[in-house]
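Asker: One letter stands for each residue in the lines below.
Protein chains: 2
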Amino acid sequence: MATDFTEDNAADAVVDSFADTPDPRLRTVMSSLVHHLHGFVRDVEPTLGEWERAIEFLTAVGQKCDDKRQEFILLSDVLGVSMLVETINARGAPEATASTVLGPFHVVESPRRELGDSIDLLGGGEPCVITGRVRSVDGTSLPGAWLDVWQANDRGFYDVQQPDVQPEGNGRGLFTADGDGAFWFRTVVPSYYPIPTDGPVGRLLTATRRHPYRPAHIHFIVSADGHIPVTTHVFVADSPYIDGDAVFAVKRSLIREFREIDDEDEATRYGVSAPFRLATVEFVLEPREQDG
Amino acid sequence: MATDFTEDNAADAVVDSFADTPDPRLRTVMSSLVHHLHGFVRDVEPTLGEWERAIEFLTAVGQKCDDKRQEFILLSDVLGVSMLVETINARGAPEATASTVLGPFHVVESPRRELGDSIDLLGGGEPCVITGRVRSVDGTSLPGAWLDVWQANDRGFYDVQQPDVQPEGNGRGLFTADGDGAFWFRTVVPSYYPIPTDGPVGRLLTATRRHPYRPAHIHFIVSADGHIPVTTHVFVADSPYIDGDAVFAVKRSLIREFREIDDEDEATRYGVSAPFRLATVEFVLEPREQDG
Chain A
1 MATDFTEDNA ADAVVDSFAD TPDPRLRTVM SSLVHHLHGF VRDVEPTLGE
51 WERAIEFLTA VGQKCDDKRQ EFILLSDVLG VSMLVETINA RGAPEATAST
101 VLGPFHVVES PRRELGDSID LLGGGEPCVI TGRVRSVDGT SLPGAWLDVW
151 QANDRGFYDV QQPDVQPEGN GRGLFTADGD GAFWFRTVVP SYYPIPTDGP
201 VGRLLTATRR HPYRPAHIHF IVSADGHIPV TTHVFVADSP YIDGDAVFAV
251 KRSLIREFRE IDDEDEATRY GVSAPFRLAT VEFVLEPREQ DG
Chain B
1 MATDFTEDNA ADAVVDSFAD TPDPRLRTVM SSLVHHLHGF VRDVEPTLGE
51 WERAIEFLTA VGQKCDDKRQ EFILLSDVLG VSMLVETINA RGAPEATAST
101 VLGPFHVVES PRRELGDSID LLGGGEPCVI TGRVRSVDGT SLPGAWLDVW
151 QANDRGFYDV QQPDVQPEGN GRGLFTADGD GAFWFRTVVP SYYPIPTDGP
201 VGRLLTATRR HPYRPAHIHF IVSADGHIPV TTHVFVADSP YIDGDAVFAV
251 KRSLIREFRE IDDEDEATRY GVSAPFRLAT VEFVLEPREQ DG
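In order, the protein sequence lines correspond to chains A and B.
The opening residue of the first sequence carries number 1 in UniProt numbering; numbering runs sequentially from there.
The opening residue of the second sequence carries number 1 in UniProt numbering; numbering runs sequentially from there.
Bear in mind the hints are in silico, worked out from the structure with no lab data behind them.
Where a beta carbon is used, it is the ideal one built from N, C-alpha and C, also for glycine.
Please note that a few of the clues may not be correct.
Claimed, not checked - Facing chain B, from chain A, some residues (calculated, C-beta under 7 angstroms):
(1) W51
(2) M83
(3) I88
(4) V160
(5) I221
(6) K251
From just these sequences and the hints, can you work out the full model?
Answerer: Here you go:
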């Protein structure tokens, strides 16, 4: 007997069509996708014209992508999906440092630097010192923990966005914590910045009166032997847009005061000029589960 | 107070970000999209690797599109979404002819033909006669109704797919019903055929062991003064894949027997050679609502 397509049986009929999928995980994903997608269509009851506009939008998103630009990730970002996936995949001990999105500006290998080095190779911005410690959830220090750090400069650009202006590795560094798990480095206070707006995602933000800005932040990937690495940001508490990150990556526990210190002795101690800003961060890692 | 992103509040936070959307319809659509999309992600809990593969798939779908190929429509088709949207937009009197998808092979203007003309300009296939009538839901004939007809040939190709093999307009015609709303034309029995499989949607079908075939059908758009036009197919009852159209477009009410007639007198009457196949179709249109 031929299928009789109706609004009521449509989702089930499509799910049935995936019944012979050899990979059970793919079958599960497709079944869930069909139910949620049909649920969306039944909720909003798009006109044929609206459906065509949706097709055109998705096509334009795909066609904006090239080897330097990933507009579908950007779409996932502004719909909060990237953060949701990241958060689902980083469920762990509540006392461990929360994760947030990797973002598109991480590079495979940043330059190795010594504790106290500056990752600001240009000068001119507001001097800033970051100090902190890496520990396990039980309070034990994690000597020799590794910190992969990257940030935008005081104008809101990463080095890879301005190869003619910024030397390679500006705003980046790989650090190794000392025997107490402590670390420190110098930099400039990063600026908030917009995500790219010259594509279909930018047009969506404009049409919905959403701004494209991310509050100022420094990226970290923190790792230590026997522990689960964390990919995260430290957000600058007084940055514009701290209440409305365009990609929803702010978790309250990741916001730090960048205190202004106008004290020559303190400045001299850190090798910067006063006034400068000082932020202190503790990263807390969760031990990996032991086999057996 | 800064937003604190959690799995539980994520969808609401993203919906809130669309609160200032000036177009209320766009706001409604985006809110529903976010709830259903986050619901899907929370259901399947994709790994970061799975999420990357989803991004890559959608990107490839967009990049397969050009002025002759619309892979996102194809994706919508194989997920049953195109049919669902079509069905939602064609709710009407239950006794009216049901609609189905337009498909990608309609052309703006097919050649005008006289009743009884053949739309098969090449010969060689199984001869076929289509007869029928167009009426209103109350039974009244609709004299002068227009029928826009198009179909694949006996090898399963439309003229636009084979510009070097088929003359332009092969398998197509615009007919005007007579004073009783009756019509007839000659053709060949169309073949079932596959949707395009050389792109990401084809790879999805392969990975899920779904076939790409559509059962044999003839497309119609039927219109008459004062009535709502219907975009539909007539399906060949004994076609392979009548139980499993790759794009879910079959409605039982649209299936017709294409009876084999092996009678020289009948064949002569229709100007074909015996044996031939004969299908009879009644199209029932719903009156437009009158203003005031």
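Asker: Does each hint hold? Answer for all of them.
Answerer: Now the hints, each set against the structure:
1. W51: holds (5 angstroms)
2. M83: M83 of chain A check passes; min Cβ-Cβ to chain B is 6 angstroms, inside 7 angstroms.
3. I88: holds (5 angstroms)
4. V160: With a minimum Cβ separation of about 20 angstroms from chain B (threshold 7 angstroms), the hint on V160 of chain A is violated.
5. I221: violated (13 angstroms)
6. K251: holds (5 angstroms)
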